[in-house]
Each structure stands twice: as C-alpha cells, then as structure tokens.
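Using the sequences provided together with the hints, build the complete structure.
Read top to bottom, the protein sequences are chains A and B.
First residue of the first sequence: 1, per this note's numbering; consecutive thereafter.
First residue of the second sequence: 1001, per this note's numbering; consecutive thereafter.
In case anyone wonders, no lab produced these hints; they're calculated from the structure.
The reader is advised that the hints may include incorrect statements.
Capping the alpha-carbon separation at 16 angstroms, the derived lysine to aspartate or glutamate pairs in EDC-like fashion look like this [to be verified]:
1) B/K1093 x A/E457
2) B/K1062 x B/D1034
3) A/K458 x A/D517
4) B/K1074 x B/D1054
5) A/K152 x A/E122
6) B/K1104 x A/D498
7) B/K1059 x B/E1032
8) A/K111 x A/E52
9) B/K1093 x A/E465
10) B/K1104 x A/E457
11) B/K1093 x B/E1134
12) B/K1104 x B/E1042
Interface residues of chain A toward chain B, partial, derived using beta-carbon atoms under 7 angstroms [as the list claims (entries may be wrong)]:
13) E229
14) K231
15) E235
16) V236
17) N243
18) Y247
19) V293
20) G453
21) H454
22) T455
C-beta: ideal position from N, C-alpha, C; glycine also.
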Amino acid sequence: MLPILKINLTTGTSEEFVIPREWERDFLGGASLAARILYPYLTKELDPLSSESPLLFINGPLSGTSGPTTGRFVICGKSPATNLWAESGIGGFWGPELRKAGYDGLWITGKSSSPVYIWIEEGRLEIKSAAHVWGKDVYETQELVKAEVGVKGAHVAVIGEAGERGVLYSSICCDHGRMAGRTGLGAVMGSKNLKAIAVYGKNKIVVEDMERYSALRSEANRALKQDNEAKIIHEVGTAGVANYAEYLGSMPAKYYHQGSFPGVDNISGSKMTESILTGSSACQGCVIACGRVVNLGDGNKRKGPEYETIVGFGPNLLIDNLEEVVRLGELCDKYGMDTISTANTIGLAFYLYEMGKVTKQDTGGIELTWGSFMAARQLIHMIARREGIGDLLSRGSRQFGAAFDAEDEAVQVNGLEVAYHDPRGVSGMALSYATSPRGACHNQSDYFFVDFGHTYEKIGITYFERQAQAEKSANVARHQDWRTFFNSAIMCIFANVDPQMQVDLINAACGLEWTLDDMMRSGERGWNIKRAINNRMGLTAANDKLPKALLEPHTEGGTMGFVPDMPAILETYYEARGWDKETGKPSKEKLLALGLADIAVDLWG
Amino acid sequence: MAAIFPSEEWLKGLETKLNSDEKYSEIAKNWEGDLFFHIEPEGNLKEELTFYLDLWHGKCRKAVYKPDASAYPKPVFTLSASYNNITAVLTGKMNPMTAMMTMKLKVQGNMGYMMRNVPTVLDFVRVANDATEEIV
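Here you go:
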C-alpha cells in the first residue's frame, strides 16, 4: 500500500509513515491494519477528545480498484461514545481519491487553534481556514469546500454541527450522503477543530498483477450483477429486507419492546420503490448501487434512507409514515449524526417518558408519544445543538439512561446503541452485539444474513436454525473472522462474492499466495488484536453481555417467546475463540499462534 | 396425494394441494403472479424440465408440465435451479432462503414484490414439500 500521511494539527507539520511490509502481509489493510498501527497509542488513559487522540483514515489494498464493492475506506481511533476501539467504514469516492492523490491513509493528531480543513492535491498538503464553513451542515460544507479548492474532481469528507459540538455519536460524511456513522468519530474530528478533508489526485490506481486482477474483477462484478441479493438491494435498497425481518421478529419495534409492527408495508424498501424512489446511487466502481434517491413531491432529489434509518425512525418509534422517516434521516445526516444511535437514544427517551421517568418538564414541554415524528424532529434539533434535554441525549443512550436512574433500560452494549436486528429473531446477533470490538455493531458480523439462510460453505459458515443457541457460537466466530477480513480488504458486506474469488483478488492485488485458511486466519488476527486493544483499555469478560430488553421474551410476533441463553452461548464462544474466560482476554497461546507475540507479552507479561 | 418428483402427476398433486391448503390460501391471499420454473439437468434428470404455475390470491389457477413457453411470454417470475438443488429444497435438506441467497436458486423478476411476500414463498415451498412423496 501507499504511505500514510501523518498530520499534526497543533504544529501544522506532516511526515510520511511507510507501512511495514510484514504488517500488510499479516493485516492486509483497513481496520485490521489500523488496529496494528494504533495499538501503542490507544491506552486506557487516552481521552478520545484530546489533542493526542489519533484519527486514522485508511484504505485497504482493494480500495479504488473497481473490484466488487471496493470503493471504500475506514476511519479508526478511540471512541468517545464507548472509550473502546472505534472504526467506521464508509463508501463513496473519497478513499479512492486519496489513493490517487498518493496516500493510503491520513493519520491526524493534535488540535488546531481555530477551525480548519485539510486540502491534499496531488500529494501536496495545505491546512486552510474553515471559519466560514464552521456551523454549516454537511451538504453545504462539501459544496463550499469543493468550490473553494476549485478542482472539479475533488472529494470532501466533512463533519456537521453535531461533530463540532461533540455529540458522542457524530458521523463523518463524504460524497453527498455517505456516512461513517458509528462510534462517534465525527466528535473526534470536531475536537481537533477539523471541519473537512478535501482530496484530489490523478495517479492511476495499480495493483501487483494488474492483468490478472482485471480479469478477476470483471468476472466477480459480472457474477455480482446476477446475484439475487445484489438484485434485491439494487431494486429495493437495503430496506427491502424489512418485510422478511418483520416476519421473523428480527425488526425491532417500540424501542425493542414490541414483537411486531403491522405498519411495515408502509415503510419497507418495496414501498419506497413503489412510491417515492426516483433513482439509485453507487459508490466508486460498485455494480449494486444500494443508495436511494427519492422525491417527496417538492422536486428536490433527496437521499433515501437505508434499512437502519427506516427502522430506527419507523417501527422503533412506531412511525409508519415513510416520508417523515426520510425527513428525520435527512435531518440527522445534515447535522452529521449517526441515525442508528440517534433513533435509539430518542427511542429510549420515548420509552422512559411512557414509564414516567422522563417528564414533560424534562423535555421542555415536548410530549414524547409513540408515533410522534414532530417530537422526534424537535429532539434531533436539540441533540445537535445540545440544548435542553438534547444535551443529555447527545451523550448516547447509556449516559441518558443513567441520568434518569434507568441505565439498564438503554438498549446498548458498551456504550454503542444496538442496531436494528433483534437477536430474539436471529440469535446469531446476540454474539455479534455482545462481543463486537466496537459495541453493539451489526457490521463486524452481519450474522442476521446467515440466520436468514446465507451460508458460506467453502469457509465453514453453515446454517443453524435462526434461533439456535450455543451450538451456533463457533459459526458466529468464523463469520466475525470473515467480516474482519472484509473490513481489512476493504469491501462492502453486500458483496456476495465467492470466498475463493476473494482470495484470488487479494492474491492478484497484493502479490500473495494465500489460501482460504490464510484469509480466515488474517481475519481472526484482526479480530483478536482489536480485542486486545479493548482489553488494555479496560474491557473484560463482564462487558460481553446484552441489555435487559433483549433478554425479555415477546408475547407476539415472529420471535415466538425466544430469548438467547447468553451464559451458554458465551461459554462455547470463548472455547471457540481460545479466550480466557476469567479475564476476557485472548489467551497467550492464541495470540502466539496468530503471530502476535508482542501483544501476548503486553497482555500477559 | 403426494407423488414422485419430477412428474406430471407431481405437478397435478401440487396444484390440488395449493387449492385445498387453508394455511397457504390465507398467507398467499395477496399474491398475484405466474412463474416459470426451469430445472436444469443433473444427476437423474437428463434434460431441462420446465413447469408453469399461475398463482393468484392463494390459489393455483393453472399448472402446466413442460409448457409451450411462447404461450406465456411474460411470467412475473422465472426461477431456475439444478435438479440436485431443487430436490434438496423439496426434501427439506436445504432451506429455500439459503438456496436463494447462495444462488442455488436463481430468481428473475420483481425482487421488491418477492421480498414483500417472502412468507408466501416459504409457504409455497412447504406445500411443495408436502406434495412430494419421493424423488426420482
């Protein structure tokens, strides 16, 4: 891979960091490589919003190569929401553009004394004043910065008002509405007074064996175009799965307290396609084009919501008005806030209001009644500006719950709000949430797809009943390894590409001779180093748990009263992982077997 | 009456079951769509075999064994699978969603409509399983 540019915003200086060849071999790129690079710096004492806190934008070896869904990059650091490992993947064109500008990463530390943006053109760095865009929304900022740098092909990653004000689930946005939403890295960027990063380059993106890679990517993209899942996502977006998820009981409603949502037909991806959809949008080189473009009757083209936003502002709040869901999602995007965490935290406020723990006096007179999109809209404004109850909400559901003596009602794991795939309907998500390195995340292992029926026999990921218990744990661990590989390559989870093709693409791109086992081992190595980072930042076995709401049975809907048996599930998971059950750390033997000798010494002495 | 798959008798039995099964009738009450099902030769099946089914509001209006494709120019869905894969689904050895998500069952048609009606699709497979006594 290309060098990483280290930029210190306190001093305004920069230097190149050349990635050690053996790190590329062991961790490939993306989030796994970022974990290797940042390991020494992510300590328990580090304040994620301090000037010392690192923020690493990094590509993978396939970024920008026009392979199947490879237009992606990832942003990593320490999360202000969880105080643990932070990573957030994002599509668009920014990562490939950075590569064309001569770098595969930007490693940002320090803090500027006033708002700035970074401009990298053909490898040259400029740090410019952002005073005129501070306070602007993410869409305006992208346009203003693009106009100012004056280069048509420039791509801009930005934060919104939420990131400037330190909302703990602030996102980083690029290419209109592509979002790195999870773990609050927008707040880290804002804490550095960094509003935007614009990049432009003309270099050709090349890989080790271009001829072989070109043939493989054509074959892979052709197959992907014919893939059933890809066709579904192209035609109806990621929310196309809403009806099926509702049928299985895996789509949460009423802040995870209702087992079914009769209004699903009004908010599903199919409904969007039949009513307000006017087009689709794609990341660099992607043949799927999951992005939705909608028109709400005012002639404006808008970004349409994906599954998480639809469920978060739809069933989660008992709202079945698709147009209002579009508007709520758009408002979050403009402010630069993660829609999963925003909707989840607002859902908790509605729930506590119903319980009588949050009162009208607390809300400043707003009635938090289920189905009220007006109330949700008012809260979004207040969160972004940290006004009134919005200040408490801006700290996420764990802190919001604690403020009302109801922390255990918050549906979160380790400070990250649970995504909208209920483990009572698809039990593999119990482990995905409880053990993910970044809290309750659905992208480190989107195991709900496996529980829907998607298997990967070549790499030993087989089908278990969707509500199977401990017998499924080792299968989930393998899926986590597989997705960790994805997040290092970097590819999108919607790319249903044959695993052997994956290895072939990596080998052609990187000059390796990997087998499927090597690929899985690389993923396992990445999973374990992220775990080790979290262990040294204070995470123990006691952190591997689900919130109360997800362990209470529903009396209606597709879950049929099922709840995950967490002690049994974790017991077999730890065995499969080779982790120490007392401390929650990867065992010394496991770390040594993965070639992580220095980490083994650090964790175990 | 269950029958041996694949055969004209099996398809007739499936049609009868679809028209008499109360659960299917309820779940599929909103379904409107005909389909071609192509079974690709493999194992004991030596040449491609096609069925045509016209499914409408919880009933099967027509089932044709080896249809003349030109008589049904625009089916809502066209499904295709190899003989071994379709028999694995019919005998319950393979989850129908697994077949679809791993491309063992290929689908062409309105995917949005299909996703909105997954319960109907799954219950259709249940009835087809019931209609299958034996695999050739």
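Right, here's what the structure says about each hint:
Between B/K1093 and A/E457, the direct Cα distance comes to roughly 14 angstroms. Compliance with the 16 angstroms bound is thereby established for this hinted pair. At most 16 angstroms may separate the alpha-carbon atoms for a hinted pair to count; B/K1062 and B/D1034 meet this at roughly 9 angstroms. Between A/K458 and A/D517 the CA atoms are separated by roughly 10 angstroms; this keeps the pair inside 16 angstroms, and the hint holds. As the CA atoms of B/K1074 and B/D1054 are separated by approximately 12 angstroms, the hinted pair is consistent with the 16 angstroms bound.
Our distance criterion of 16 angstroms between C-alpha atoms is met by A/K152 and A/E122, whose separation comes to about 14 angstroms. With a CA separation close to 13 angstroms, the supplied pair B/K1104 and A/D498 stays within the 16 angstroms bound. Taking the CA atoms of B/K1059 and B/E1032, the gap is near 10 angstroms; set against the 16 angstroms cutoff, the hint holds. The suggested pairing of A/K111 with A/E52 holds, with an alpha-carbon distance near 8 angstroms, which does not exceed 16 angstroms.
For the given pair, B/K1093 sits about 13 angstroms from A/E465 by alpha-carbon distance, which is consistent with the 16 angstroms threshold. Between the alpha carbons of B/K1104 and A/E457 the distance comes to roughly 12 angstroms, so the proposed pair stays at or under 16 angstroms and holds. Restraint check: the Cα-Cα separation between B/K1093 and B/E1134 comes to about 14 angstroms, which is no more than 16 angstroms; the hinted pair holds. The straight-line distance between the Cα atoms of B/K1104 and B/E1042 is roughly 13 angstroms, inside the 16 angstroms bound, and the hint therefore holds.
For A/E229, the shortest C-beta to C-beta distance to chain B is roughly 6 angstroms, which falls under 7 angstroms, so the interface hint holds. Among the interface hints, the one on A/K231 holds; its C-beta lies about 5 angstroms from the nearest C-beta in chain B, closer than the 7 angstroms criterion. At a threshold of 7 angstroms, the smallest CB-CB gap from A/E235 to chain B is about 5 angstroms, leaving the interface hint in force. Satisfaction of the interface hint for A/V236 is found here, the shortest Cβ-Cβ separation to chain B being roughly 4 angstroms, below the 7 angstroms cut-off.
With a least beta-carbon distance of about 5 angstroms to chain B, the hint placing A/N243 at the interface is held under the 7 angstroms criterion. About 5 angstroms separates the beta-carbon of A/Y247 from the nearest beta-carbon of chain B, less than 7 angstroms, and the hint is met. Restraint check, A/V293 versus chain B: the minimum CB separation of about 16 angstroms is more than 7 angstroms; hint violated. With its C-beta approaching chain B no nearer than about 3 angstroms, A/G453 sits inside the 7 angstroms limit, and its interface hint holds.
Contact between A/H454 and chain B, as hinted, is supported at the beta carbon level, the nearest pair being about 4 angstroms apart and thus within 7 angstroms. Among the interface hints, the one on A/T455 holds; its C-beta lies about 6 angstroms from the nearest C-beta in chain B, closer than the 7 angstroms criterion.
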